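Peer 1: Sequence:
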Amino acid sequence: MSHDDATPQTPDELAAFMEGLTFAPPPAPQDEQALLDSLPAAGSSVMVVRSLRLPIELDQAVASAAQAASVPKTAWIRQAIEMALAVQADDDQPISRAEALRALTLLRPARHVA
1 MSHDDATPQT PDELAAFMEG LTFAPPPAPQ DEQALLDSLP AAGSSVMVVR SLRLPIELDQ
61 AVASAAQAAS VPKTAWIRQA IEMALAVQAD DDQPISRAEA LRALTLLRPA RHVA
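Quick note on full-length UniProt numbering: the sequence shown kicks off at 1 and runs consecutively.
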């Protein structure tokens, strides 16, 4: 793990850092309502940050797909999750590619009647 040069590394550095901290005074009562009004409304859509680990190959594939769709990677991932949830909500059970190919090989070709 690397350390930022600005991060105190010794007790003396930490003490000097703490002594240099200043705190802003609380907002004046007349400003408090403006601050409260700037918060998202109750029930509004609030975005939640999630962290996930991806293998480098998967991350590169996501980056390529997002670039092809002209959207940021986070938007592409969010849309992929939304699609997966929509499929799941419709009681549709995804199958593996191998299962799909196995099922297709059992189909007989359609006969054209003239």
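FYI, nobody ran anything at the bench for these hints, they're computed from the structure.
Careful: at least some of the hints might be erroneous.
[As the list claims (entries may be wrong)] Taking CB as the label site, the calculated pair distances span:
| id | residue 1 | residue 2 | range |
| --- | --- | --- | --- |
| 1 | 7 | 45 | 29 to 37 Å |
| 2 | 53 | 23 | 34 to 42 Å |
| 3 | 68 | 44 | 43 to 51 Å |
| 4 | 93 | 45 | 38 to 46 Å |
| 5 | 23 | 97 | 52 to 60 Å |
| 6 | 53 | 100 | 22 to 30 Å |
| 7 | 35 | 13 | 30 to 38 Å |
| 8 | 58 | 87 | 17 to 25 Å |
| 9 | 97 | 24 | 30 to 38 Å |
| 10 | 51 | 97 | 28 to 36 Å |
| 11 | 105 | 57 | 25 to 33 Å |
Model, not experiment: these values are computed from the prediction.
The beta-carbon is built from N, C-alpha and C at its ideal position, and this holds for glycine as well.
Peer 1: Taking the earlier hints as the rules, which of them does this structure contradict?
Peer 2: 3, 4 and 9
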